[in-house]
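Asker: Letter by letter, the chains look like this.
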Amino acid sequence: MNFKLSQVPERTSKPRQFGLTMVMDKGLSIRQIEDMLDISAPHIDIVKLGWATSFVTPNLKDKIAVYKSAGIPVYFGGTLFEAFVVRNQFEDYRRLIDEYGLEYAEVSDGSVDMPEEIKCDFIKVLAEQVKVLSEVGSKDETKIIPPYKWIQLMKAELEAGAWKVIGEARESGNVGLFRSSGEVRQGLVEEILTQVPNKDIIWEAPQKAQQVWFVKLLGANVNLGNIAPNEIIPLETIRLGLRGDTFAHFLNDKTRKRWKLTK
Amino acid sequence: MNFKLSQVPERTSKPRQFGLTMVMDKGLSIRQIEDMLDISAPHIDIVKLGWATSFVTPNLKDKIAVYKSAGIPVYFGGTLFEAFVVRNQFEDYRRLIDEYGLEYAEVSDGSVDMPEEIKCDFIKVLAEQVKVLSEVGSKDETKIIPPYKWIQLMKAELEAGAWKVIGEARESGNVGLFRSSGEVRQGLVEEILTQVPNKDIIWEAPQKAQQVWFVKLLGANVNLGNIAPNEIIPLETIRLGLRGDTFAHFLNDKTRKRWKLTK
Amino acid sequence: MNFKLSQVPERTSKPRQFGLTMVMDKGLSIRQIEDMLDISAPHIDIVKLGWATSFVTPNLKDKIAVYKSAGIPVYFGGTLFEAFVVRNQFEDYRRLIDEYGLEYAEVSDGSVDMPEEIKCDFIKVLAEQVKVLSEVGSKDETKIIPPYKWIQLMKAELEAGAWKVIGEARESGNVGLFRSSGEVRQGLVEEILTQVPNKDIIWEAPQKAQQVWFVKLLGANVNLGNIAPNEIIPLETIRLGLRGDTFAHFLNDKTRKRWKLTK
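Protein chains in written order, with this note's numbering: chain X, 1 to 263; chain Y, 1 to 263; chain D, 1 to 263.
It is worth saying that the hints were derived from the structure and are not from the lab.
Incorrect hints may have been included.
Pairs involving identical chains hold if they fit within one copy or between any two copies, as the list cannot separate such chains.
Here are the computed lysine-lysine pairs in the PhoX-like style, where the Cα-Cα straight-line distance is at most 20 Å [to be verified]:
1) 143 - 263
2) 61 - 260
3) 4 - 124
4) 61 - 199
5) 208 - 254
6) 61 - 4
7) 199 - 254
8) 4 - 131
9) 143 - 260
10) 143 - 257
11) 68 - 143
12) 14 - 254
13) 263 - 149
14) 68 - 208
15) 216 - 61
16) 208 - 61
17) 4 - 260
18) 257 - 131
19) 155 - 254
20) 61 - 143
21) 14 - 199
22) 263 - 68
23) 155 - 61
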């Protein structure tokens, strides 16, 4: 923090267990990664190589090495896991994770219809190898999963050994947790939170209005995911009440009253 | 200009007093700034470090030094000013400006309810220290300020010592001068222009259609702000009638008639 | 390709005659070009310097040299051609192409009303100098060209010597082939394909949903254009069935049945 300002919420510090910012890299070059780290490394907790972009990315090992040397864990997007699984190549996938020296992996069923027991089996097996992020929610906007089912899936997957569960939103933020307009499924999120600990969930929230909504509901240290590289600094200001949208949120009552601000 | 083309409007040249392009940096790394300058320095007049992004930006002094060595003035976004003011830290803010060697500052009330006399007092004080950009318009899309009030505020703030007044639009271009759809509040702009000199106003216009609208109304040398780094070159072509949207605008009658073009 | 996966469609390889990805550079710096090439050179077939951005781009010769040394052809956007033509400077334009050592040129009438015979004459003349990309479709969203006319124009322009014809969409993807919402004019595309060979057409498709639609209709090796630099890697995954949207498209029946996937 460059300046001293009162009434700014305290952020957790790295390595964070909550207050995580998960960034989506959908095809950065090595120099672009360096640029991102140069300006926002302190605010990046973990990086996802979006869906199966790693399949067509040159210098993949070098890219991963850059993140590693900055102490930032990297993992392959869930669609790559699914691509291997539907082709009966799960064992190849496990070898791949070791070959690239990864310490995290995602298990998801956003593009396939996977029975929950089978998904949990994959989680169990992978959890012995790496930390598992397990994603709930479909990439298909016509497939609406009711809240009780989200809760049941999240609980089962955490129990199977997932380090965190992720609420699906895609790169665009218009499925899963959100309506096709990008609006939050508010009732869904609130119901999930009655049963699943907030700290165990990473909410994919690529759009600004979505990030603002979660910070207002759950505070500066909510876990947020699918953040674009050039939105890391902006998100950090939202978390700290230093952007218009959350400007009044962390101010004390006296200040708010004096300036006629509503939270 | 790389090629010789007739019927291209003349642009003012740097250091410009009008025809300004104000760019928003919302978290560029030093190398990203160098890249931006490499391709568009001649078209950048002034850079705003968006809202309070400067609070969480590492190497802030180095960033500012890069802009300075390119002869481009930098200032902190108005939200940072407001963040200091609501916390009763205005004197800290003044010291900050000097500490970072800045020559411009923004005074705004986009996130707070500030009586006009108080805002003008801030302008007066800061105008003795730096050149002041004073922003009119709320970041709250439900807060509609009527045209006569915009005019009154702009006049008072220029009189208080502001170098330019800025018409608010945010990074997204959907408040203040614009409807939530991004459409220009046309009547508002026209009414303002009956009373406030165009050259004293910087119109925030982050969206292409907004830039086109202002260039068509006010010509190649209108002052435009909140331009994203990768939109500086595209904006310059809009100003010169070299993009589809303004293609016919600066052609002479003979040419337009020959090619059946409407302005 | 970094990993071995079954059931991935075969891509053509460079230098490609079809399966082309045409990228739009609307003002990249030299280092930004290097970054783009570093991560996606194998997936870039040809680069357009968008509309008349080349007019205001510093170091234009150096930029072109970077592309050339990577073996990637570059051409000026059609709006620059039109800007020269309406000013009676076509001969200047021809000299320019040679001066910059270009081997491709675009002929378009997106911003002017040009009789078809005249457009074909321009194509004929330029085709003796370079490979010509000829664009069909207006940049004006109120100007709807009926399908039979698209077909007639495309045929005539290929006959006049165009190497490929381009279906217009602009940078934004909301005119020409698309409705103002960005939705594909499906009937138009299907009717065109009954008369014009697919391999002779480059479909401008800047939006993801548009790219998905064309890949599903025409396969991995459809020619697509106006791809933004940071969408090259994502597009390649769409082509290969490795993004959610085309995940099931290239899988065999057995796999799809097993996982209850619809194409």
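Asker: I'd like to know which numbered hints this structure contradicts. Please list them from smallest to largest.
Answerer: Violated hints (numbers, rising): 2, 3, 4, 5, 7, 8, 11, 12, 13, 14, 15, 16, 17, 18, 19, 20, 22, 23; every other hint is consistent with the structure.
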